[in-house]
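Protein sequence lines correspond, in order, to chains A and B. Its first residue numbered 1, the first sequence is counted upward by one per residue in the UniProt record's numbering. Its first residue numbered 1, the second sequence is counted upward by one per residue in the UniProt record's numbering.
It should be emphasised that the hints constitute simulated quantities derived from the structure, not laboratory data. Among the clues, some could well be false.
[As the list claims (entries may be wrong)] Each computed DSSO-like pair below joins lysine-lysine, with the alpha-carbon atoms no more than 27 Å apart:
#1 K84/B with K16/A
#2 K47/B with K73/A
#3 K22/B with K16/A
#4 K27/B with K82/B
Given the structure is predicted, the values throughout are model-derived calculations rather than measurements.
Given next are the chains, with one letter for each unit.
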Amino acid sequence: MSTIVSELSMNDLNNKFFEIMQSESNAEEAANFIYDSVFDDVTVGFLFEFHHGLKTGLSDLLEGEKEDDDVYKIVNTPECDVFGFSIMKKTPDSNCSCPNCERPVSATRFAPHLEKCMGMGRNSSRIASRRIASNSREPTSYAGLLSDDEDDADWAGGSLQSERRKRRIKNNNNRKPNKLHNGNNRNNNGNQSTDADGGATYETMTANEKKNLLLQICGVVSEHTKKLCTRSTRCPQHTEEQRRLLRNTVLEPSTPESASMTGADEAGSPPDSSPSSSCSSSSRKRDRHRPPPKMKNKRERVSPNDRD
Amino acid sequence: MTVNNTIAHQRLILSGDRERFKELLRKRLIECGWRDQVRMLCRDVVKERENSDVSFDMLVNRVTPRARALVPDTVKKELLQKIKTHLLTQKDQ
Chain A
1 MSTIVSELSM NDLNNKFFEI MQSESNAEEA ANFIYDSVFD DVTVGFLFEF HHGLKTGLSD
61 LLEGEKEDDD VYKIVNTPEC DVFGFSIMKK TPDSNCSCPN CERPVSATRF APHLEKCMGM
121 GRNSSRIASR RIASNSREPT SYAGLLSDDE DDADWAGGSL QSERRKRRIK NNNNRKPNKL
181 HNGNNRNNNG NQSTDADGGA TYETMTANEK KNLLLQICGV VSEHTKKLCT RSTRCPQHTE
241 EQRRLLRNTV LEPSTPESAS MTGADEAGSP PDSSPSSSCS SSSRKRDRHR PPPKMKNKRE
301 RVSPNDRD
Chain B
1 MTVNNTIAHQ RLILSGDRER FKELLRKRLI ECGWRDQVRM LCRDVVKERE NSDVSFDMLV
61 NRVTPRARAL VPDTVKKELL QKIKTHLLTQ KDQ
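Work out the full structure, taking the sequences as your base and the hints as a guide.
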């Protein structure tokens, strides 16, 4: 067989090719040869692809991390749940002792306890800061601010205002322990208006105390704990309706029976020392548009309670 | 005969039909899952040589023989048949 030289033309190649293809065995052999060559090409193509993916990290990205099955195995032992965590009770060291009252408190209840015990947290810190402020200067409660702004009669007499302040401070000092540990004060003064069904603490207060208390706090009696709500008069937990209802039931019985006493109170104090009390303030605000004489005002003060 | 084979091969390349066969084979191998098997082989090789660098030549040397054996007979037969008939029908033109 003659060798193919570079000068071989297309024509010569064709001639040779046809010459070779005369025999079928030659064609078969050539087909095998060509198949091998083509197959090598294809394989190398795939291998290039894989190698490229390997070196550039592309295949890792495409395939992703292999997950560990051990982590997700279901555990089937008596005192563990399916994830293998113990279902036994938490160890007692999850109890913290309160730095203030030394009582052991569950760790999950520690923050709420501190809130109550030390006056930390949003609402209680407001109350606590008010308590602190009441010892030094005027309490910065909403009630105090509102009454100062809205009460025109008080603008005249500065002495009257300061007198009120003193009175309120006194009330604050009296009231706070009652509020925080209510139930303790049952035996302090249990002579007044026991027919009021407002709650445990209301029963033991005088009418004046109740009134002053309700100026400062929401005061709605909880159904579960039977305690007063000690948040501000605008506390979001209770509705305006609940507050009004409570004030009606608590304040009403005392008004007719001790009408003379309230009258005396009113004479001594400015006409409305409870403007921010949400229940009566709305009705009284309406009244204030037509300036009535003091006596009339006093009568109307009773009327909203009777009306409802 | 290598020269005969080379001549046939050369002519196939010149006519552009080799590229056609290559594409056909590639398609068939992907269809029958051969490519995924080869990929597994490659991964095994890489895993064997965990810490050392895997060179392309090494990959070819290790994988190609096994990959060749993995090609399904039907695919190989089909290709051989097609190439052969192609070569033989060329003669008539």
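Now the hints, each set against the structure:
1. K84/B with K16/A: holds (17 Å)
2. K47/B with K73/A: holds (26 Å)
3. K22/B with K16/A: holds (24 Å)
4. K27/B with K82/B: holds (15 Å)
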